[in-house]
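Q: Sequence:
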Amino acid sequence: MVAVRYGSAGDPIAHSLSPVLSRLVVSHLAGEGEGKQSADIQMKRVMIIPARKVEDALAWAYVDALPHSVNWSLTDLPLEKFASYHRLEKAVAAATNAVKDCPPSLLQKGDFPHLPIGPDRIPGSHEEVWLSLTSPLKHQLGAASLRYVDESKGIESINCLRWNNREWWAASTDGPGMVFVAEYLGIGMDDSPVLDMRGGGGAARSTAWAWSCEGGKLRWLGGRRELREDGPWEAAIVDSKTPAQLTVDFEGNDHDEVEGFFMNAAYKPMIGDYLERIEILSDVDKAVDGRWLLAAQHLISWSTLWRPDLALQLPELGLLLARLAHVEANIL
Numbered sequence: 001m002v003a004v005r006y007g008s009a010g011d012p013i014a015h016s017l018s019p020v021l022s023r024l025v026v027s028h029l030a031g032e033g034e035g036k037q038s039a040d041i042q043m044k045r046v047m048i049i050p051a052r053k054v055e056d057a058l059a060w061a062y063v064d065a066l067p068h069s070v071n072w073s074l075t076d077l078p079l080e081k082f083a084s085y086h087r088l089e090k091a092v093a094a095a096t097n098a099v100k101d102c103p104p105s106l107l108q109k110g111d112f113p114h115l116p117i118g119p120d121r122i123p124g125s126h127e128e129v130w131l132s133l134t135s136p137l138k139h140q141l142g143a144a145s146l147r148y149v150d151e152s153k154g155i156e157s158i159n160c161l162r163w164n165n166r167e168w169w170a171a172s173t174d175g176p177g178m179v180f181v182a183e184y185l186g187i188g189m190d191d192s193p194v195l196d197m198r199g200g201g202g203a204a205r206s207t208a209w210a211w212s213c214e215g216g217k218l219r220w221l222g223g224r225r226e227l228r229e230d231g232p233w234e235a236a237i238v239d240s241k242t243p244a245q246l247t248v249d250f251e252g253n254d255h256d257e258v259e260g261f262f263m264n265a266a267y268k269p270m271i272g273d274y275l276e277r278i279e280i281l282s283d284v285d286k287a288v289d290g291r292w293l294l295a296a297q298h299l300i301s302w303s304t305l306w307r308p309d310l311a312l313q314l315p316e317l318g319l320l321l322a323r324l325a326h327v328e329a330n331i332l
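The numbering of the sequence shown is our numbering, which starts it at 1 and goes up by one.
A couple of the hints might just be wrong.
[Claimed, not checked] Derived BS3-like pairs (lysine-lysine); straight-line CA-CA distance at most 27 Å:
id, residue 1, residue 2
1, 44, 90
2, 286, 241
3, 217, 286
4, 100, 268
5, 44, 109
6, 241, 90
Derived by calculation from the structure, the hints in this document are not laboratory data.
Hey, can you work out the whole structure from these sequences and the hints?
A: Below is the structure:
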C-alpha cells in the first residue's frame with residue numbers, strides 16, 4: 001500500500017480543481033464498476049498550497065507545513081479543515097456512484113487519443129508526495145538533483161513532481177495534455193494540424209514542445225511573455241495562412257471568431273446544475289472549456305509520472321470530466 005500526500009501549489013490557488021481530480025481518480029481505481037480491482041493507493045492528504053516560491057511547495061512535501069492557509073473556493077473553508085475535506089470526500093463518492101458511464105456528448109471523437117505512458121524505472125516507496133504546480137512555479141525548478149521523465153528541464157516547464165523519499169522526479173504534462181484533448185476531439189496529429197497559440201509561459205512552452213513532437217505546426221499569436229524562438233519547436237513554426245484546427249489562449253482573453261476549435265486554457269467558475277454543466281463542457285464548437293486541458297494533463301501526470309503501471313486503468317477523459325462536473329454542482 002502506497003500512502004500519498006497530494007498537493008496543488010501556486011498563486012493564486014484557491015480556485016484549483018486538481019484536488020477534486022486527484023480524489024476522483026483514486027475513487028475510480030479503488031474499485032468502482034465491474035471487473036475493477038482495488039489499487040494499492042491510500043491518499044492520506046489532499047491540499048492546496050499557496051506558494052509564489054517553489055521552495056514553499058517543497059517545504060510542504062518535507063514537513064507537511066503550509067506557508068499560510070487559504071479558503072478553498074468550493075467549500076469556502078481551508079481544505080485542511082475536517083469539514084472541508086469531508087465535503088470533498090462525500091461529493092467524490094456521490095459523483096463516482098452517480099456517473100457510471102461517460103455521457104454520450106463527452107465521448108471521444110478521435111480514433112486513437114494518445115495517452116503517453118511513463119517509464120517503469122521510477123523507484124516507489126510506501127510513502128510518497130505528489131505535487132501539481134501551476135503559475136508562477138513551473139519555471140522555478142532547474143536543479144540538477146531532479147530526475148526527469150521527459151524534456152521538461154530543457155523547456156523550463158515542470159508542472160508535476162513525485163517525491164519517493166529518496167529523490168524528486170519531474171514531468172511536464174500540459175503539452176501532452178493538449179495533444180490528448182485535440183486527438184480526443186477528432187484532430188489527427190498525422191495531418192500536421194496547425195495550432196494557433198497566444199502566450200509564452202510554462203504551459204505554452206510545454207504545448208509548443210508536445211505539439212511539434214507529434215508532427216503539428218505552430219503559429220504564435222503574441223502575448224505578454226515571448227515564446228522563445230530557439231526551442232525544440234523552432235522547425236514547427238509556420239507563417240502560412242493555413243487555418244488552425246485549434247486556437248489556444250494561455251492569457252485568459254476572450255476570443256474573436258476563429259476557424260476550428262478555441263480553448264481559453266484558464267478555466268473559470270461554472271454555474272448550473274450537473275446537466276447544464278455537461279452541456280457547457282460538450283459545446284466544444286462554441287469553446288473548449290479549460291477543464292478539458294486540466295483533466296487531460298492530470299491523467300497524464302498519473303500515466304507518465306505518478307503511477308505509470310496503472311495507466312490502462314485510468315478513467316477515460318470524458319468520464320473524469322463528467323464526474324468533475326457532478327462534484328462542482330453538488331458539493332455541499
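Q: Hints first: check each against the structure and report whether it holds.
A: For each hint, the structure was consulted:
1. For the suggested pair residue 44 and residue 90, the alpha carbons sit about 16 Å apart, so the restraint of at most 27 Å is met.
2. A threshold of 27 Å between alpha carbons decides the hint, and for residue 286 with residue 241 the separation of about 22 Å falls inside it, so the pair holds.
3. Taking the CA atoms of residue 217 and residue 286, the gap is about 23 Å. The hint holds against a cut of 27 Å.
4. A distance of roughly 26 Å separates the Cα atoms of residue 100 and residue 268; the hinted pair therefore holds under the 27 Å criterion.
5. Between residue 44 and residue 109 the CA atoms are separated by roughly 36 Å; this puts the pair beyond 27 Å, and the hint is violated.
6. For a cut-off of 27 Å, the pair hint linking residue 241 to residue 90 is broken: about 50 Å separates their Cα positions.
Hint violations for this structure: numbers 5 and 6, all remaining hints satisfied.
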